[in-house]
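**Q** Given chain A, work out where chain B with the ligands should sit, using these hints.
Here the protein sequences line up with chains A and B, keeping their order. Using our numbering, the first residue of the first sequence is number 1, and each one after it goes up by one. Using our numbering, the first residue of the second sequence is number 1, and each one after it goes up by one.
Don't read these hints as lab results, they were simulated from the structure. Among these hints, one or two may not hold up.
FRET-style restraints, in silico, Cβ to Cβ [as the list claims (entries may be wrong)]:
#1 A:R101 with B:L79: 51 to 57 Å
#2 B:V76 with A:N58: 29 to 35 Å
#3 A:A77 with B:T228: 49 to 55 Å
#4 A:N58 with B:A215: 51 to 57 Å
#5 B:L79 with A:R89: 44 to 50 Å
#6 A:R118 with B:L62: 28 to 34 Å
#7 B:V76 with A:R128: 50 to 56 Å
#8 A:G121 with B:I216: 44 to 50 Å
#9 A:D47 with B:I39: 54 to 60 Å
#10 A:S180 with B:G143: 28 to 34 Å
Glycine included, each C-beta is placed from N, C-alpha and C at the ideal position.
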Amino acid sequence: MRDLRLPDPRSCIAATPAVRDLPIAVQGLRFESGGKTLLDVPELTIDAAGPTMILGPNGAGKSVLVRLLHGLLEPAAGQITLAGRRPDRAARIRQAMVFQRPVLLRRSVAGNLHYVLRIRGVPRAERRSRVRDLLAHGDLAGKGHQPARSLSGGEEQRLALLRALAASPEILFLDEPTSSLDPAATQRIEALILGAARAGTKVIMVTHDLGQARRLGQEILFLNAGRVEEQTPAARFFPRPASAAARAFVDGQLLV
Amino acid sequence: MQDFASSLDRSIGLIISGDAELWAIVLLSLRVSLSAVVIAAVIGMPLGAALAVARFPGRQVLIVLLNALMGLPPVVVGLLLYLMLSNAGPLGMLQLLYTPTAMILAQVVLVMPIIAALSRQVVETLDREYSEQLRSFGLSRLGSVPTLLWDGRFSLLTAFLAGFGRAIAEVGAVMIVGGNINHVTRVMTTTIALETSKGNLALALALGTILIVLAIAVNAATSLMGGTARRLAHA
Ligand SMILES: Nc1ncnc2c1ncn2[C@@H]1O[C@H](COP(=O)(O)OP(=O)(O)OP(=O)(O)O)[C@@H](O)[C@H]1O
Ligand SMILES: [Mg+2]
Numbered sequence: 001m002r003d004l005r006l007p008d009p010r011s012c013i014a015a016t017p018a019v020r021d022l023p024i025a026v027q028g029l030r031f032e033s034g035g036k037t038l039l040d041v042p043e044l045t046i047d048a049a050g051p052t053m054i055l056g057p058n059g060a061g062k063s064v065l066v067r068l069l070h071g072l073l074e075p076a077a078g079q080i081t082l083a084g085r086r087p088d089r090a091a092r093i094r095q096a097m098v099f100q101r102p103v104l105l106r107r108s109v110a111g112n113l114h115y116v117l118r119i120r121g122v123p124r125a126e127r128r129s130r131v132r133d134l135l136a137h138g139d140l141a142g143k144g145h146q147p148a149r150s151l152s153g154g155e156e157q158r159l160a161l162l163r164a165l166a167a168s169p170e171i172l173f174l175d176e177p178t179s180s181l182d183p184a185a186t187q188r189i190e191a192l193i194l195g196a197a198r199a200g201t202k203v204i205m206v207t208h209d210l211g212q213a214r215r216l217g218q219e220i221l222f223l224n225a226g227r228v229e230e231q232t233p234a235a236r237f238f239p240r241p242a243s244a245a246a247r248a249f250v251d252g253q254l255l256v
Numbered sequence: 001m002q003d004f005a006s007s008l009d010r011s012i013g014l015i016i017s018g019d020a021e022l023w024a025i026v027l028l029s030l031r032v033s034l035s036a037v038v039i040a041a042v043i044g045m046p047l048g049a050a051l052a053v054a055r056f057p058g059r060q061v062l063i064v065l066l067n068a069l070m071g072l073p074p075v076v077v078g079l080l081l082y083l084m085l086s087n088a089g090p091l092g093m094l095q096l097l098y099t100p101t102a103m104i105l106a107q108v109v110l111v112m113p114i115i116a117a118l119s120r121q122v123v124e125t126l127d128r129e130y131s132e133q134l135r136s137f138g139l140s141r142l143g144s145v146p147t148l149l150w151d152g153r154f155s156l157l158t159a160f161l162a163g164f165g166r167a168i169a170e171v172g173a174v175m176i177v178g179g180n181i182n183h184v185t186r187v188m189t190t191t192i193a194l195e196t197s198k199g200n201l202a203l204a205l206a207l208g209t210i211l212i213v214l215a216i217a218v219n220a221a222t223s224l225m226g227g228t229a230r231r232l233a234h235a
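Pulled out of the complex, with its shape left as it was, chain A reads as follows (with noise of 0.2 Å):
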């Protein structure tokens, strides 16, 4: 990939604190709907400094499982301990999410960001230099007037990811935020989302991409069925992956 300037990421985004919700430990989780299991995982620790990327086929569970460890979705059975402790709204507001699909406020673009900003309790005066920065880090700065809700698709992951990253968070949830980008949108995301992990916050990302869970991620959780299959350092699961379950993922996305 071609290095394009881009700007420092750090400036938009406040430094986070040491995080002080890891590891994330998670034991004998399982999610159910309709009598059926969706998501088993007896037992998981999320530790590493760098990003996490979780990787899997469609219907495995990735999203379930962000939810369960965001706090949105009640399990059926076991329990979260993000550094012992159980998840509480303190730890919750440490953390933000950018969902598969995201729910864009019906307001303009710069009011989404005023939005978090506001209820992250940051000073007004502030709050309107940190929207400009933001919007121009997601190549939105022409856009801030415009409704939320007008955006094309990939406009709208660009503004989810900003707003994610306008409340600081300690733990970042991202859900596929790439998906519908072009190249070069992706690579100033990438950007962003490396500028943040470097500024301290722990990025935990699903994402279909390998190439993507390569130049981000530090270690790969790889799901299938419901299930975790491996989890591995990046540098190790690349060149080949433990599980055949990955193995013949991987292979199956270098064939297409």
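**A** Here is chain B with the ligands on its own, set in the frame of chain A:
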């Protein structure tokens, strides 16, 4: 027929000539009903929204009750309020009976369930789309009410309008607690009822015409305004 034609003729004259008595009645009607709807909205919208997002035992019963209250007969509301406000009643010392304040109160009671019930529907629909995102922002269920109300503002305009339509057209409640006193508590609907029974069709027809034009104008204006704003916001 002769009679009707000449009444109509004179009623148009009343409207065009800016008859002072007629316009005083129109203004009082607007003052009473607009105050009532604003008060009802300030209470009813957050109430409906809270009912939409909160989860507690008995919630479904409350929703059924609220929906039933939408159809409260105005005369019954008038009667109950009359009993409360009359000298012997629990609120008798306020001396509100036969005042515009009593009429506002009656219409608040009448309109509030309508606005609350409609707001509940609007907010519940919006919440289905928003709830995970707002939870992710760290908002509690009740904490998400202001956001939902603001983002539902265009749909809530309809609830406000429905409330206004009900208030301005209602006779029974204002008649009982207002007393239809000349120059004090006579509004459009009560005047129409009284003047028709007295055979003064010109004034009744003039007020009836204004009432209908008002209803059409308010609806047209808001659907235009709401439609444009909604399109601009892509809501
Ligand atoms: N609330 C629910 N009720 C019933 N089934 C559900 C529910 N949520 C998810 N599922 C099912 O659980 C499975 C896993 O869903 P999930 O969204 O986690 O998949 P995913 O790995 O994110 O897939 P994709 O790559 O397509 O986004 C799917 O088969 C989905 O249909
Ligand atoms: Mg998914």
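**Q** Each hint: holds or not?
**A** Going down the list of hints, with the structure as the test:
1. For R101 (chain A) paired with L79 (chain B), a C-beta distance near 52 Å keeps the hint of 51 to 57 Å intact.
2. The hinted range of 29 to 35 Å is not satisfied by V76 (chain B) and N58 (chain A), whose Cβ atoms lie roughly 58 Å apart.
3. Judged by the Cβ atoms, the range 49 to 55 Å given for A77 (chain A) and T228 (chain B) holds: they are separated by roughly 51 Å.
4. For the pair N58 (chain A) and A215 (chain B), the beta carbons lie near 53 Å from each other, so the given range of 51 to 57 Å is met.
5. Judged by the Cβ atoms, the range 44 to 50 Å given for L79 (chain B) and R89 (chain A) holds: they are separated by roughly 48 Å.
6. For the hinted restraint 28 to 34 Å between R118 (chain A) and L62 (chain B), the CB-CB distance of approximately 32 Å keeps it satisfied.
7. With their beta carbons about 54 Å apart, V76 (chain B) and R128 (chain A) fall inside the hinted range of 50 to 56 Å.
8. In this structure the hint that G121 (chain A) and I216 (chain B) lie 44 to 50 Å apart at CB holds, the actual value being about 47 Å.
9. In this structure the hint that D47 (chain A) and I39 (chain B) lie 54 to 60 Å apart at CB holds, the actual value being about 56 Å.
10. In this structure the hint that S180 (chain A) and G143 (chain B) lie 28 to 34 Å apart at CB holds, the actual value being about 31 Å.
The structure fails to meet hint 2 from the earlier list, while all remaining hints are met.
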